[in-house]
Amino acid sequence: MNRLNRNEMAARVARDIPEGAYVNLGIGLPTKVANYLPADRDIFLHSENGLLGMGPAPAPGQEDPELINAGKEPVTLLRGGCFFHHGDSFAMMRGGHLDICVLGAFQVSAMGDLANWHTGAPDAIPAVGGAMDLAIGAKQVFVMMELLTKTGQSKLVEHCTYPLTGIGCVNRLYTDVAVIDITRDGLLVRERVDGLSFADLQALVPVPLVDAGA
Amino acid sequence: MNRLNRNEMAARVARDIPEGAYVNLGIGLPTKVANYLPADRDIFLHSENGLLGMGPAPAPGQEDPELINAGKEPVTLLRGGCFFHHGDSFAMMRGGHLDICVLGAFQVSAMGDLANWHTGAPDAIPAVGGAMDLAIGAKQVFVMMELLTKTGQSKLVEHCTYPLTGIGCVNRLYTDVAVIDITRDGLLVRERVDGLSFADLQALVPVPLVDAGA
Amino acid sequence: MIDKIVSSLDAAVAGIHDGATVMIGGFGTAGMPNHLIDALIAQGARDLTIVNNNAGNGETGLAALLKAKRVKKIICSFPRQADSQVFDALYQAGEIELELVPQGNLAARIQAAGAGLGAIFTPTGYGTLLAEGKETRRIGERNYVLEYPIRADFALIKAHRGDRWGNLVYRKAARNFGPIMATAAACTIAQVDELAELGDLDPEGVITPGIFVQRVVATATAAC
Amino acid sequence: MIDKIVSSLDAAVAGIHDGATVMIGGFGTAGMPNHLIDALIAQGARDLTIVNNNAGNGETGLAALLKAKRVKKIICSFPRQADSQVFDALYQAGEIELELVPQGNLAARIQAAGAGLGAIFTPTGYGTLLAEGKETRRIGERNYVLEYPIRADFALIKAHRGDRWGNLVYRKAARNFGPIMATAAACTIAQVDELAELGDLDPEGVITPGIFVQRVVATATAAC
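Residue numbers (the numbering used here), protein chains in the order written: chain P, 1 to 214; chain B, 1001 to 1214; chain H, 2001 to 2224; chain G, 3001 to 3224.
Rather than coming from a laboratory, the hints here were simulated on the basis of the structure.
Incorrect hints may have been included.
So the derived list for chain H, only partly shown, Cβ under 7 angstroms to chain B, looks like this [unchecked claim]:
hint : residue
1    : 2060
2    : 2063
3    : 2077
4    : 2091
5    : 2107
6    : 2123
7    : 2124
8    : 2128
9    : 2171
A short list of chain G residues far from chain H (calculated; beta carbon distances all over 12 angstroms) [stated by the list, open to error]:
hint : residue
10   : 3018
11   : 3059
12   : 3089
13   : 3095
14   : 3104
15   : 3124
16   : 3138
17   : 3147
18   : 3160
19   : 3200
20   : 3204
21   : 3207
The C-beta atom is built at its ideal place from N, Cα and C for all residues, glycine as well.
Make the full structure from the sequences, and use the hints.
Next up, the structure:
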């Protein structure tokens, strides 16, 4: 089975982002998607800290401590980009103006519930940032994650056991082995990696899948 | 009795506006107050349509149809003034950022209720504009009006008979014959025009006044 | 390449359907998108619900749209003016519905729609005729009225300059409702005095980011 | 003549009282008013409630204020970071109270305070731990949580340029929470990189109108 590595997952997500889309890429794994967006297409990256038209990392030595992304890494602004305050930035999210946001996850449920902010461990210091706003704000929420935990548990579950970030908000799941749409008609498997049969995939997850591949 | 005319009333109000105050002057009579503000003091005029630091009318021929006040009259912007949208403009009012607004009135009650937007006549076309926002937004609401109607009725009343603009919102009343503070301790008469005794004034209004003159 | 600039006013107002809710910017005549309104009259959509601060001045612009009997309902704060004769006649004949909203609540409800809020408790209008029948609540020392978002299918606004990504800047008091209406409509259409090259608008000074704008048309060059 | 420019950082933070609620701008290190925070540490106010997106990075700025044990409670969205060791230690020792708020609700609640709203129904956080015990309501097709304004006695923010009337412009992503916090505090204190002469800031490009700012201090010239 040709399991995708994290760069390949990012490239796979990037292929589904059309020209003209307004997109927020969550911190961590989703940030890699930017590396695979075609430079000759106008795709508008939003950063929660007040940027639209965010560009790639600056050349070494060109970093500006006042031009950073949500992960606090130095970035650039494209021609035609602009700055705004946090109120306007989150109105863009919460108001449904973003076409797509891409988030990482600890777990996603068969109903599209998302858990990605808190392990629930009693001694953990919680931190939520913009995750809950992104989860419920964008027109489409894509989740990127390996399908299984390091110990082989499915992260696609019937009900999330970790604390929720949002309810019924995930539209599509990009994993290392399959792309799955979460719909009212069930979990539609759109793609599987070579060497993984539908039955093999179904055996990995505790919730019923529907074979919707081309 | 030296009843004040409307220009004298405006000049009287202007005397109570301190340097540094953020002030909205309602359309109609209160607009005249601007003519009596000392030009050498920084008093910040706000216009609901998105101006702060509003200046006087332009010289003839210098009018700009895109630089108008709430009454749709041509104005100017002072050095240091700025523009903003209607959301921000009304946040300034509703959020309590204006120090003073000056409004006209049909009636004011002894409890500080204000009626200034609608006669209540069944065939009248209502129009409210920003009156209700101004009435409840500013730190101090000053009302300017002649004390009596043309037929001699007091506009300072026990209960307003016209539809209300705001409840308990008026702090001070500037009339052609007296200045009256509306307080929890009652209606405190601060000033009377020459030739009008407290008893004369009390005889004009149907609610009890308190003589608080200097 | 994304280019939101359309080459004609006709193209700018294409697809506005009968029964649509249409926000129209402007306060008095400042910032009124008159070219777009004229194009909308020519386009023919009817049974419209219009959101504007006023209800038309004189015989042109919004007043002309009203006079053409295209408007079923108007949501505004200040319909009655010295020159609102077109609205006045329709209203008195019972031919137009009016929802009167205090100006600040109009702005706040438009902003609530743009920002994805479900409802807001606002102090404006509490205890008045305009809050009759509405839910109220005492919070802390004050009384508030519950008001709901106002959304639109289309917003027609006037800006000063715009680029192909839809970024806009305004001019003086013509800004008024434009920036907030742009956030609350599914399709925002801006008429601009001038087009700007991408990157010519200062990124610190863009007032309406392009995410809120779907179509831009220049009034200097566009033929209807 | 009104001149909101104060000549020292000490004067800028004068009057911040024990027990005050203080908003501090900045997202990560961008826009953090470090000069004002250092002045606040020197000034000595304690039992503060701090509103910031984070809970301090490294050992300077907000982290130093925490380390000096001046903070009773912090309201923020993202306390835990790789370099939040000062907060982490205080939190685990039970020496600081945390109110965790989703970032967009933090922004919206600050805006609600600035705009005089009593409360807002927001969709963010519905059905999560962070909405536990809060009033909820279904409006239309969605579920919302009722959230209340966050107000402050003081806001400490960083801007790029400011004038004597308090008008401010920012620089790039350092804008973040500054403009909205300025609206929600009784006394907003801005540290600026440069002072501007009155009229030098473009009236179309002023981001924070002076009405929201009480004191301005230049970091280049001010001695503490």
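Cross-check of the supplied hints:
1. 2060: It is violated, given that the least Cβ distance between residue 2060 (chain H) and chain B is near 13 angstroms, above 7 angstroms.
2. 2063: 14 angstroms, violated
3. 2077: 5 angstroms, holds
4. 2091: At about 6 angstroms, which falls below the 7 angstroms cut-off, the nearest Cβ of chain B leaves the hint on residue 2091 (chain H) intact, so it holds.
5. 2107: 4 angstroms, holds
6. 2123: 5 angstroms, holds
7. 2124: Status holds, d = 5 angstroms.
8. 2128: At about 5 angstroms, which falls below the 7 angstroms cut-off, the nearest Cβ of chain B leaves the hint on residue 2128 (chain H) intact, so it holds.
9. 2171: 5 angstroms, holds
10. 3018: 23 angstroms, holds
11. 3059: 32 angstroms, holds
12. 3089: Its Cβ never comes within 12 angstroms of chain H, the nearest being 36 angstroms, so this holds.
13. 3095: 30 angstroms, holds
14. 3104: 9 angstroms, violated
15. 3124: 8 angstroms, violated
16. 3138: 9 angstroms, violated
17. 3147: 10 angstroms, violated
18. 3160: 9 angstroms, violated
19. 3200: 14 angstroms, holds
20. 3204: About 7 angstroms separates residue 3204 (chain G) from the closest Cβ of chain H, which leaves it inside 12 angstroms; violated.
21. 3207: 8 angstroms, violated
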